[in-house]
Amino acid sequence: MALSTPQRSAEAAAAVLAGSASAGRTRGERVFAVLLLGATAVSVLVLGLLIAQVLLDGLARLDLQFLTSYPSRRAARTGIRAGITGSLSLMVLTAAVAFPLGVAAAVYLEEFAPDNRFTRLLEANVANLAGVPSVVYGLLGSAVFVYLFQMGRSLVAGALTLALLILPVIIVASRESLRAVPQAIRHAGLALGATPLQVAARQTVPSALPGIFTGTILALSRAVGETAPILVVGAVLSRRSDNVPWGLLDAFTGLPIQIYDFVSRPQADFREGAASAAILVLLTVLLLMNSVAIVLRNRYARRW
Amino acid sequence: MAWSQAVDTAAQAIVPATPERVFELEHVSVSYGPNLAVRDVSMPIHRNEITALIGPSGCGKSTLLRCLNRMNDLIPGAHVDGQVRYHGIDLYSKGVDPVEVRRRIGMVFQKPNPFPKSIYDNIAFGPRVLGAKGNLDDLVESCLRRAALWDEVRHKLKSSAYGLSGGQQQRLCIARAIAVNPDVILMDEPCSALDPIATARIEDLMRELEDEYTIVIVTHNMQQAARVSDRTAFMTTQVEPDEDGGDRRSGHLVEYDLTDRIFKNPADPRTEDYISGRFG
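Chains as they are written, first to last, in the working numbering: chain R, 619 to 922; chain A, 1453 to 1732.
Bound conformation, chain A alone (with noise of 0.2 angstroms):
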């Protein structure tokens, strides 16, 4: 608890000149056991700002994002080297309860993954495990709300969740995630398992959930990275040769920027070959 006590202070002495960085990652790199996943990754994420991690499959960008709630640890073999600090505290030292940085830090998966329960139960498991006791209609209709659904499940919220469509799956994760009151939202390819109209929805409400949440998404799609986000970091794959004569793949990161300056005038050519559509 002296953690999450010490991140709220640190959450209020920092003034907002600048965005305030909730994140600042430095030297970050991952990997699988001797596999390499991301090397040396240096960025900050701003606050009440939406973050796309674009880059073509395998570059690293869903595993970087799970370092920043520590989903990485049930990961057998994953591993962690430089820092990702957390309003300043780093994540991965001795003493971080990963339950607690989970409970701050939401997710949202690729596939829509709510649990075979009714649609109430899946928004009030959240606050059930961290204590909450009682009637929790309130805040079941307001998480509905804000994630665009209530309308659409008002009157069947003791229905199964699994009833569902795919879109409104996803954005009943996404109510689930924001039941909790998280600081920061991470989406791991939210919309990839959905068609264009549930996708449109989708960035409509993280537009909408911007104000409130730090959002770091990570997408396959550069069209929605150019529409929602603020600021773009894009990762490629870099293939060096072994000592065994096969190849090391790993992700890094290419250049990070505000999406206006990455999709219309990128600094590196790689950056411009891919939104380009010349590789990737």
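Extracted from the complex, chain R is given alone in its bound form (with noise of 0.2 angstroms):
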């Protein structure tokens, strides 16, 4: 029984009106759409937790005799120098180390390496290295570099472990921003009479490097909140308030081992307040590394 078109058009109206067919279905929606964002609220809630009290029992301790003291056994007067110094130098020696090598293995993987077996057997691995758990390169960088290379427990066989850790992170990063480069710009490159090297270095690169730039930074931000992979490599629980840390082989320590250090005394002071105030500091340089990272994605993020 066809309807007339009037009658058709109020129909739908009321349909659309009062939705009774649908509303179970709207319900269903709303329920999911209710348990989804509980989902995401339990870990963001944990999070400001977290946050909330490091800052109820960090901020009071965090000034800037804090932020230049060595260590010391009092926890009031105890600070972070060290550690800070410590960090700071690991992350300047591991990206000196791991940018260079992991940016030239991806673009040899991504521009040069021929499809082969071999080839294949490379990718895999690296993949497979980015899940490495890091105590695993600790052990490494301790059997290799402290004791074969005879490096000792020093700054530079720690930032080697470091760069060894994060490695296969810039690698995959930087062959995921090579690979957005469309094949357009390199044939372009070659049909102008350029070496496929010429193209890799004034084409291809230049136009990853901001996703290589975030993909490093990610990386070294990791390396820097990183604590087992250093204490295994032999970091010091400094408490020497001559430990300048900047010597490549001499002893070193980091934030993490610091708070690692405060964390495991039996005092309050530095249980709490010390140690929560630490973490400020590390959480602070984290999240700055990692907004760096995000400008630059964003920023120069390129829209073929």
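Hints listed in this document are in silico derivations from the structure and should not be mistaken for laboratory results. The beta carbon of each residue, even a glycine, is placed where N, CA and C say it ideally should be. Incorrect hints may have been included.
[Claimed, not checked] Here are some of the chain R residues that sit facing chain A, going by a computed Cβ distance under 7 angstroms:
1. Asp733
2. Ala798
3. Ala802
4. Ala806
5. Leu808
6. Ala809
7. Leu810
8. Thr813
9. Gln816
10. Ala819
11. Gln821
12. Ser825
[Claimed, not checked] To list a few chain A residues with every Cβ distance to chain R over 12 angstroms, as calculated:
13. Asp1533
14. Gly1534
15. Gln1535
16. Val1560
17. Leu1582
18. Glu1593
19. Ser1644
20. Ala1652
21. Met1674
22. Ala1678
23. Asp1682
24. His1704
25. Glu1707
26. Asp1709
27. Arg1713
Both chains are sitting in their own frames, so use the hints and assemble them into the complex.
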């Protein structure tokens, strides 16, 4: 029985307004959306609680004296100068080693490697290395750098270990960034009589650099927060005031090590006050680095 | 370098009694892995002419074009049989450097592909990788002028090439190609992404460039071939049943002649069917 056009229109209008037929479906949608929101809220809430707790315990302790003092037996006089300079030295050295190596490896794999079994084996290895627990890198660094190469429990051994740790991450991020550069750019360069190396050096890699930097900064921020590997390599729980960790073969420490040290002390002033203040500093550094990475990614993101 | 000198000498040695042959293709077949894409093409390509390759999709015209400057090398599994002689030298013989080949035989692609850099740097890239130093302003200007783009971009040479329209980008790609002073320019459906006005401008440009360069153009557009080219090669796909009950498709050359003759009085009925729109 065909309805006349006005009748049909009236019916459609009524259905849209009342939504009677879809009321059940709409309720389902809402319940599900609330569940999803809840899942998100749990992680955000826990993080919020954590930060609130750290702020409460640490903010009062965080002052210039804390940032510029070497560790002390007395909680009121202790500080994280050694941790900050240590982490900074570690980061610079780690970046200096891991960035060129990682980018070079990515450029080789993405731009030059022939498509054969050996290449695929390399690729699978790199991808798997990114998932190896960091303490394993610590053991590797301890065996190879500290003992085999006789570097001792030194800053350079720690930095090399961290560099190994983040190398696969940098390689993977750089390769993804290189892969996002359209093939047409490479062809355009080659068709002008540029060599593959010239095309990579002057077009492909510069185009991919923002992504490569973003990946490298994120990887470095991971390295800065790592405790296990440098602990295994032999970072000292530095309490010596003469520990300025800039010499390559000097003993070294880092912020996470200092936090670990503070937390393991019996006194509440260390466990809560000093540890929380140090955590605040570490968190600030990490958030800053991640923000720089995000800004880089957004500002220079190319839309091909 | 010895090879390029040989080419220069060879180029000078030939006396242009009949139109000089830049390329001579002899029994050229191209396969991708086990699949034959182009079968047994033999044809010459003449100096300072526009040669059009036409034919239905998948007939191998782009594949054939990419043999001429060894861009096929970039496709894994691509293999060329027969001879592609460029001024008498087989491009696929040992000792030929594909980088040098592409320097002399430039290419303009289907989709405009400027570098994500300034207009100026797009033109300057080729000369710079070939060793040009210092100020390239004059070269950039003359290339843009010859590509009929100068007046539109003279005030924004330092701004990104991505800000140009599609047609302008394609003219920039042509300007970029002539900046390395090639001998031949290959164009792979250069107007397929452009509107009719931009297309007309590119066609005018091709006509002007013909005096200095040898141009080979692949086009889907038969009117375009009729308008701009001196000679036209018509290719088509041949389907043969294979042993497994499927079919093998490969492109081959049906007819190659002066464009006038191909369009007015083709020798092969398949050519006539194609150009009159009865097939393809």
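Going down the list of hints, with the structure as the test:
About 6 angstroms separates the beta-carbon of Asp733 of chain R from the nearest beta-carbon of chain A, less than 7 angstroms, and the hint is met. At a threshold of 7 angstroms, the smallest CB-CB gap from Ala798 of chain R to chain A is about 12 angstroms, leaving the interface hint violated. For Ala802 of chain R, the interface hint holds, since its Cβ comes within 7 angstroms of a Cβ in chain A; the closest pair sits about 4 angstroms apart. Restraint check, Ala806 of chain R versus chain A: the minimum CB separation of about 5 angstroms is within 7 angstroms; hint holds.
Look at Leu808 of chain R: its Cβ gets to within about 6 angstroms of chain A, closer than 7 angstroms, so that hint holds up. The interface hint given for Ala809 of chain R holds, since its Cβ lies 4 angstroms from the closest Cβ of chain A, which is under the 7 angstroms cut-off. Of the supplied interface hints, the one on Leu810 of chain R holds, with its beta-carbon coming within about 4 angstroms of a beta-carbon of chain A, less than 7 angstroms. For Thr813 of chain R, the interface hint holds, the least distance from its beta-carbon to any beta-carbon of chain A being 5 angstroms, beneath 7 angstroms.
Look at Gln816 of chain R: its Cβ gets to within about 5 angstroms of chain A, closer than 7 angstroms, so that hint holds up. Because the beta carbon of Ala819 of chain R sits about 10 angstroms from the nearest beta carbon in chain A, more than 7 angstroms, this interface hint is broken. Checking Gln821 of chain R against chain A by beta carbon gives a least distance of about 6 angstroms; that is within 7 angstroms, so the hint holds. At about 6 angstroms, the closest approach between the beta carbon of Ser825 of chain R and any beta carbon in chain A falls short of 7 angstroms, and the interface hint on this residue holds.
Listed as outside the interface, Asp1533 of chain A is consistent with that label: its C-beta sits roughly 22 angstroms from the nearest C-beta of chain R, beyond the 12 angstroms cut-off. Distance check on Gly1534 of chain A: its Cβ is at least 23 angstroms (rounded) from any Cβ of chain R, clearing the 12 angstroms threshold; non-interface status holds. Listed as a non-interface residue, Gln1535 of chain A keeps its Cβ farther than 12 angstroms from every Cβ of chain R; the least gap is roughly 22 angstroms. The claim that Val1560 of chain A lies off the interface is violated: its Cβ sits roughly 8 angstroms from the closest Cβ of chain R, which falls inside the 12 angstroms cut-off.
Its beta-carbon lying about 6 angstroms from the closest one in chain R, Leu1582 of chain A breaks the requirement of being farther than 12 angstroms from that chain. For Glu1593 of chain A, the non-interface assignment is confirmed: its Cβ lies about 19 angstroms from the closest Cβ of chain R, beyond the 12 angstroms cut-off. Every C-beta of chain R lies more than 12 angstroms from that of Ser1644 of chain A, the closest at about 14 angstroms, which supports listing it as non-interface. A cut-off of 12 angstroms between C-beta atoms confirms that Ala1652 of chain A is not in contact with chain R; the least separation is 24 angstroms.
Residue placement check: Met1674 of chain A keeps its beta carbon more than 12 angstroms from all beta carbons of chain R (closest about 26 angstroms). The claim that Ala1678 of chain A is not at the interface with chain R holds, since no C-beta of that chain comes within 12 angstroms of its own (minimum 27 angstroms). Interface exclusion of Asp1682 of chain A from chain R stands, the closest Cβ pair being 23 angstroms apart, more than 12 angstroms. Against chain R, the non-interface label of His1704 of chain A holds: every CB pair exceeds 12 angstroms, the least being about 26 angstroms.
With a least beta-carbon separation of about 29 angstroms from chain R, Glu1707 of chain A lies farther than 12 angstroms from that chain, consistent with its non-interface assignment. Residue placement check: Asp1709 of chain A keeps its beta carbon more than 12 angstroms from all beta carbons of chain R (closest about 29 angstroms). With a minimum CB-CB distance of about 32 angstroms to chain R, Arg1713 of chain A clears the 12 angstroms threshold, and the non-interface call stands.
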